[in-house]
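Q: Sequence:
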Amino acid sequence: MGLIFRQSLKSSVGYYIGVLLGALNTLFISTKFLEPDQLAISRILLENGLIFAAFSHLGTPYISDKFFSRFKSDENKHNGFLIFITIFPLLGISILLCFYYFFQTEIGNIFSDKSPVIIPYIKYTIPISIIWVYISVFESYSRCNGRAAVPTFLREVIMRVLNILLILLLGFGFLDFQLFIILFVITMAFIPFALIIYIVILKKWYWSWNKEVWNWSILREMAIFGGVLILGGIGSNLVLFLDRNIIAAKIGPTEVAIFTVASYIAAIIEIPSKSIRQISSPIISDVIFRNDREKLISLYRKSALNLFLIGGITYLLIAVNLEQLFSVLPKSEIYEKGIMVVLIVGLAKWIDMSLGLNIEIIAFSKYYKLNTLLVILMAFMAFYLNILFIPYLGINGSALATASITLISSAIRLIFVYAKFNIYPFSKKDLPAFFVIMVTAMVGIFFPSFGGNYIAIFLSIGIKSIFLIVIFLSLVIKFNISEDINVLFKKFSDQIFKASK
Numbered sequence: 001m002g003l004i005f006r007q008s009l010k011s012s013v014g015y016y017i018g019v020l021l022g023a024l025n026t027l028f029i030s031t032k033f034l035e036p037d038q039l040a041i042s043r044i045l046l047e048n049g050l051i052f053a054a055f056s057h058l059g060t061p062y063i064s065d066k067f068f069s070r071f072k073s074d075e076n077k078h079n080g081f082l083i084f085i086t087i088f089p090l091l092g093i094s095i096l097l098c099f100y101y102f103f104q105t106e107i108g109n110i111f112s113d114k115s116p117v118i119i120p121y122i123k124y125t126i127p128i129s130i131i132w133v134y135i136s137v138f139e140s141y142s143r144c145n146g147r148a149a150v151p152t153f154l155r156e157v158i159m160r161v162l163n164i165l166l167i168l169l170l171g172f173g174f175l176d177f178q179l180f181i182i183l184f185v186i187t188m189a190f191i192p193f194a195l196i197i198y199i200v201i202l203k204k205w206y207w208s209w210n211k212e213v214w215n216w217s218i219l220r221e222m223a224i225f226g227g228v229l230i231l232g233g234i235g236s237n238l239v240l241f242l243d244r245n246i247i248a249a250k251i252g253p254t255e256v257a258i259f260t261v262a263s264y265i266a267a268i269i270e271i272p273s274k275s276i277r278q279i280s281s282p283i284i285s286d287v288i289f290r291n292d293r294e295k296l297i298s299l300y301r302k303s304a305l306n307l308f309l310i311g312g313i314t315y316l317l318i319a320v321n322l323e324q325l326f327s328v329l330p331k332s333e334i335y336e337k338g339i340m341v342v343l344i345v346g347l348a349k350w351i352d353m354s355l356g357l358n359i360e361i362i363a364f365s366k367y368y369k370l371n372t373l374l375v376i377l378m379a380f381m382a383f384y385l386n387i388l389f390i391p392y393l394g395i396n397g398s399a400l401a402t403a404s405i406t407l408i409s410s411a412i413r414l415i416f417v418y419a420k421f422n423i424y425p426f427s428k429k430d431l432p433a434f435f436v437i438m439v440t441a442m443v444g445i446f447f448p449s450f451g452g453n454y455i456a457i458f459l460s461i462g463i464k465s466i467f468l469i470v471i472f473l474s475l476v477i478k479f480n481i482s483e484d485i486n487v488l489f490k491k492f493s494d495q496i497f498k499a500s501k
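What the sequence shown shows, in the working numbering, is residues 1 to 501, in sequence order.
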């Protein structure tokens with residue numbers, strides 16, 4: 001876990017810079033300069049692009065994670081693996097183009113009642129989908145070559161900076177909304193090209209084919225694996241983003257904007273989980289391939305403990321500052337309706353990430369089809385629970401649907417991993433970890449808040465957050481709850497000591 005923890009920490013730098021930019025954008029710039037309808041349109045295009053990309057790449061990123069080790073050879077230029085993962089998604093993109101051509105009217109009809117403003121912009125989902133495909137493909141190739149930080153920086157930081165610049169240009173009257181969307185697509189396209197340049201700089205752009213290692217047997221195995229996981233990818237993105245489309249169809253674009261802002265805040269909680277999962281995927285694949293049971297147990301338990309701690313303090317910091325945070329948002333009277341969405345969805349995400357890397361363990365084992373079946377089930381549940389809850393509870397109903405699906409799927413995976421591998425993510429450190437979170441929570445609840453103007457509110461949030469983080473880290477380090485956090489703290493302390501001499 002130490003290797004994963006260190007690498008994911010480097011990758012997390014990009015994530016957290018992206019989070020700061022995303023927070024600035026989603027919470028302040030977008031809410032200030034975009035009307036709720038415009039914010040809803042831009043998010044639905046981006047997220048529907050992810051849904052379609054999950055099909056169009058035909059599981060290629062997952063194929064990279066699982067099969068790259070079989071082709072890895074700098075001497076033989078990875079035997080043409082890059083050529084395969086670049087060309088293979090073109091089949092899925094062709095199918096997507098045909099699908100949109102024949103069903104574009106039906107897609108538009110979904111929004112015709114409550115959100116007709118979305119319909120003229122649906123066509124931009126297609127180029128966005130294609131761009132997402134190759135961002136995913138080239139990121140996975142970089143990751144397999146041990147490089148995750150720069151791709152993460154490009155996607156999480158550079159793309160957000162470009163988006164912020166476009167929103168500012170729109171807000172100050174230099175662009176109309178139509179041109180804004182066109183330029184938004186063009187700036188997104190910069191990312192996969194930048195990834196290509198980065199791979200070339202790494203001298204990993206191996207564009208040669210070694211036909212001796214390729215045969216129909218391996219191609220068939222890869223295609224079946226990708227085909228199974230493609231359903232899982234579609235289902236995952238449907239679970240993540242289907243609610244926005246149902247809210248748009250059932251209520252309207254303003255509620256989509258509110259739900260988008262609230263969901264973004266809740267999603268901050270799982271950022272450490274994303275970076276750890278990203279780095280862990282090829283390592284767990286290798287561990288399972290070598291049948292290294294002890295290493296697998298160690299990875300599973302340490303990841304669960306670290307994610308419980310990091311997710312817990314993140315959720316706590318958000319929860320105790322939430323009302324003040326919403327009070328300073330532009331158009332706060334609109335967006336403060338999302339407070340309960342943050343609390344409900346955020347709690348479910350924290351519980352889910354606290355159960356460790358069970359998704360990856362299943363995905364890279366012979367039972368990988370279960371993830372696909374489970375995600376398909378989740379997608380159906382997402383549709384029906386949103387349809388059921390939204391008419392009665394509005395966006396809070398959608399949050400309840402999301403939380404229910406997250407917890408049910410987490411429980412099923414936990415039970416399955418224990419049943420098939422006889423391993424579980426819990427350890428003797430969990431109880432003191434829970435104690436630390438509860439003590440920090442009690443301090444946070446009773447810590448006084450002060451406000452008034454924006455500066456006073458931000459000072460209140462900052463002082464309270466720093467105080468709680470100090471208490472949390474002090475307890476974690478004192479009781480040696482996380483080996484990885486203690487090692488990291490010791491290295492940091494040693495560096496500070498050396499610098500002060």
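Hints are computed from structural coordinates only; laboratory data are not their basis. Heads up, some of the hints might be wrong.
[Claimed, not checked] Once the Cα atoms are required to be at most 20 angstroms apart in a straight line, the calculated EDC-like pairs of lysine to aspartate or glutamate come out as:
1. K32 to E336
2. K203 to D74
3. K250 to D113
Q: Hints first: check each against the structure and report whether it holds.
A: Evaluated hints:
no., hint, in the structure
1, K32 to E336, "holds (14 angstroms)"
2, K203 to D74, "holds (10 angstroms)"
3, K250 to D113, "holds (8 angstroms)"
The structure fails none of the hints (numbered hints given earlier).
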